[in-house]
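Sequence lines, in order, name chains C and H.
In the numbering used here, each number is its position in the first sequence, counted from 1, plus 5.
In the numbering used here, each number is its position in the second sequence, counted from 1, plus 5.
If you are wondering where the hints come from, they were derived from the structure by calculation, not from laboratory data.
Hints are supplied without guarantee of correctness; some may be wrong.
Which copy is meant is left open, so a pair is good if it fits within one copy or across any two.
Claimed, not checked - Using 30 Å as the maximum straight-line C-alpha spacing, the simulated BS3-like pairs for lysine-lysine come out as follows:
id, residue 1, residue 2
1, Lys40, Lys191
2, Lys108, Lys97
3, Lys61, Lys191
4, Lys268, Lys61
5, Lys445, Lys297
6, Lys268, Lys97
Number of protein chains: 2
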Amino acid sequence: MSPRRKSYFKEKLSIDDLREIWSFLSLSECLEGFKDIDRLEAEEFFLSLEAPDQAKIIQCLPEAERRAWIRLLAPDDAADVIQQVPTEERQKLIDLLDDLSRKEVVALLAYAEDQAGGLMNPQFLRLRPDVSVDEAIRYLRRQTQGSVKGMYYVYVLDAEQHLLGVISFRELLSAPTDKTVQEIMKTNLITATENLDQEALSRLFTRQGLMAIPVVDEEGHMKGIVTLDDIVHVVREEATEDIQKIGGSEALDAPYLHIGIFKMIQKRAGWLTALFLSEMLTSNTLAHYEAKIASAVVLALFIPLIISSGGNSGSQASTLVIRALSLGELRLRDWWRVFFRELTAGLIMGGILGTVGLLRIVLWPTRSAIYGPHYFLLALTIAGSLVGVVLWGTLIGSMLPFVLRRLNLDPASASAPFVATLVDVSGLIIYFNVATLILKGTLL
Amino acid sequence: MSPRRKSYFKEKLSIDDLREIWSFLSLSECLEGFKDIDRLEAEEFFLSLEAPDQAKIIQCLPEAERRAWIRLLAPDDAADVIQQVPTEERQKLIDLLDDLSRKEVVALLAYAEDQAGGLMNPQFLRLRPDVSVDEAIRYLRRQTQGSVKGMYYVYVLDAEQHLLGVISFRELLSAPTDKTVQEIMKTNLITATENLDQEALSRLFTRQGLMAIPVVDEEGHMKGIVTLDDIVHVVREEATEDIQKIGGSEALDAPYLHIGIFKMIQKRAGWLTALFLSEMLTSNTLAHYEAKIASAVVLALFIPLIISSGGNSGSQASTLVIRALSLGELRLRDWWRVFFRELTAGLIMGGILGTVGLLRIVLWPTRSAIYGPHYFLLALTIAGSLVGVVLWGTLIGSMLPFVLRRLNLDPASASAPFVATLVDVSGLIIYFNVATLILKGTLL
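For reference, chain C alone in the conformation it holds in the complex (with noise of 0.2 Å):
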C-alpha cells in the first residue's frame, strides 16, 4: 500500500466516505477503514454488505473478533457467509455461533444456494389459529426483539408446524380485537417449496406481488420465509450472469475490479478459444472456394459484410430470446411462434440489408473501376446473399437458446459470438453458393 493512501485513512474515514469507496478498495485498505469506525456504524455497514464482503472482513479479524460479528446476522445469512469461506474453514464458523442458530444454519447449508430452501430465513413470526386478535398483537409485542427480518405478515401454524394461513401486519392491526386469528387470516396461500429454483421463485415474487413467500416441505410444514430483498439480489445476479455469458465469456461471479487478473482471464480464454477453433472452420470452408476466389477477387472483399450480417442479425435474435425465455415470457413449447416471427424478421430485415446492398454497388460513381464490367451481377450475388445469411443467422439465433434449453443447458450460453461464429461458415457457403449460381459464364 502506498504511504500516500495510508495517511489518507488517517483522517477518520465516516461511515459514508467508507460505503463510497468501499467497492474500489483492496481487502487490507477496506479492513483499515471498516476498523476505522465508530461500532455501530460498523455494525450496521456490515449487515448492509453482500455475503462475500461479509466473509471476507470476518476471516480477516482475529479470532476472538469473529464470534461478535458472525452473530449479528440472521441464520440464512450467516449461511451464506459460511458458504463463501473454504470447505476446511467452515466447521470453525459454524462453532462460534449459540446453539440455535447453528441448528438452524447447519439445516440451510442442506440446501443449495440458488433453491428457495438456500434462500430463506428458518425465523418467521407464527401465531397459533386460536388466539384473539388482541393476544396476537401482544404476544408480538414481546416477540419483536429479536433479529426477524420481514415481519410484514405473521404465519398460523398449527400445533405439528402445518401452514395454515397468513395474516400481514396492516390486516391484524386493523382488525377487531375480539376476533380469533384463524376468523381473519388469509388461507389461500401461496408457497415455495424447499428446492424451488431461485429463478421460479423470483418470477413468483414479481407476479404476485408479495414482500415474503413461506417455504414448506412436501407434508405442509412450514420452513421459513424468504423476503424481497433477497430477491432483488437473485435478480441482478442472475441478469449479471445472463449478460455475462452473452457477451461470450462465462459468468465472472465476482466484481469487475475484485476478480483476480488471471482469474478472470480463465474465465474468458476458454470461451474465446472454443470460439477460435470453430471459427477455425471459415479457412477450411474458404480453402473449398480457393479457385473461385482466385478467379474472381472482387468475391472477397465482401466476405467481411456478408458474414458479420449473419452474425449481426444472429446476436439481436439471440439476445431477444434468452432474455425473453428467463423473464418466462417464452416457454419451450412456444418455439414454433417464435419461428414463424422471426422467419417474418428474417426476410424483411435481410430485404431491407440486400437492398441497401445492392444500391450501394450499384450506384457507387466508380463502380466499374473497382467492380469491374460485371458489377450489376455481382450487386445481385451480393443482395441475394444478405437475404439468405440474415435470415439463416435470424433463425439459428432464434432457436439456438430453445435447443439449449431442451437439453437443459443454460440458454444464455447462446451468446452472441458464439451465435455468430456458427453463422460464418454456413453464412460463407451461402455466399459462395449464390455466386456461382449468377456469376457462372461471367466472373465465374
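Since the structure of chain C is provided, determine the placement of chain H on it from the hints.
Relative to chain C, chain H alone:
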C-alpha cells in the same frame, strides 16, 4: 379467435389458470378470462399485474366499470397506469379518481417515470415527534385501514412536513410504551431526492438493505416513499434493456410475444442497417489490398478467422465493462485501471490464440498442399495478427463503454455487434500490414 379456444374458456378458469396462461393470451382473450373469475379474486389478480396490463384491462372495460378498478390502485400505481394510455385519454381516467387521489396522481404525473419522484407512493405512515409509543401504536391501528403499501417504517414529521426521523414497526412495537417517538426514532436517515435516477435509487436500496426509502424535496419536506417491490421491477427492466442493447437492437419495451412484429422489426432494422453501412467499410478496406489478395489468395482464407477473433474479444470486454458500469462497480474515473487490466488480458489471450493458430497451420498434415511452401511464414503472419487483433478488440471493447458514458450516452449501446463492426476494419488493416511485413519477398 378460434371456436376451440372460446369453448376452452367456458370451462371457467380458476385464478391460477389465468395467471399461468396470462402472458400468452391476446387482449380479448385476457379480458374474457378476467371477467370470468370471482370478483375478489379478480381484484387480487388485477393488483398483481404490471401497469401496461392494468391499463389495457381498464381501457377495454365499459366506462361504467372503470371507476371501481382504477380506484383499487394506490396513487403511484394509478399514475403508472395513466402513463400507459394515450395522452388524450389520460384526463378521462384522472377524472374517475376521488379528490385526494386525483391531487396526488396529478402531482406524480409531473415527475419523470424513471426518477424517484415518479416511482414513489405519496401515501405513507406519519407521526408527530412528541406522541408516546403507546399513543402512536393506537393511532396506527386506526390508520391502517387505507391502501398504504409498504408499512414497514413510520416517518416522523414536524408540522411543516420536514422529515425528522424514522422508526420501523418492529422498533415501535418493542419499545417501552412510555417513551416518546422522538426518543426512539432513528435520525441518521437515508433519503432520496425527487429527481434521483432509478438506477441510482436501486443501487441505494441494495447497498442499504432497506425495504423503503423516503423521498424528500430540496428543503427536506417528505414527499413519499419508494418501496422495494418497485425496485425489483426497475432492476429487471434495466437489465432487460441492457441485454437487448448488448444484442444490438433497441430496447423492445414490451414482452417478446406482445410486441407487434412490425414494431419489433423497426426496433431491430435500424441498428442492423447502421451496422451494415459501417461494415461496408470493410469492402473498401479490402479493395485497397486487392492486389495483395490476388497475389496471395491464401490470405483471403483467414479473413473471417482474424476479424471474428477481434470481434469476440471485443464483445467479451464490452459486456463485462457495461455490466460493471451499470452495477456501479466501475466509475468513469476507473477507466485507466480497466485499461491496464484489459491490456494484460488482451496480450495474454492474443498470445493463446496466436499460439493455437500457429500450431494449427504448422502441424496440419497437408500444410504444404493447402498453404504452399511458405506455410511457416504464413503461420507467423496469422499468429502475429491474432495477437494484434485480440489486443485491439479487447481495448476498444473495454474503452468504448467509458467513452459513451462520458458523452452521456448509454454504455450498453457498445453492443457486441457494434464493437465487432468497429474492430473488423481495423482488424483487416492490422492483418494486411503484418502480412506485408512478414511475407514481403516471398508471397507478396
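Consistency of the hints with the structure:
1. Lys40 / Lys191: Between copies only: 23 Å across chains, 47 Å inside a chain, cut-off 30 Å.
2. Lys108 / Lys97: Within one copy only: 14 Å inside, 59 Å across.
3. Lys61 / Lys191: between (42 Å within a copy, 29 Å between copies)
4. Lys268 / Lys61: The answer is within: 18 Å in one copy meets 30 Å, while 49 Å across copies does not.
5. Lys445 / Lys297: Both ways: Lys445 and Lys297 sit 10 Å apart in one copy and 25 Å across, limit 30 Å.
6. Lys268 / Lys97: Classified as within: same-chain Cα gap 27 Å, cross-chain 58 Å, threshold 30 Å.
Figure legend: structure checked against the earlier numbered hints; every hint is met.
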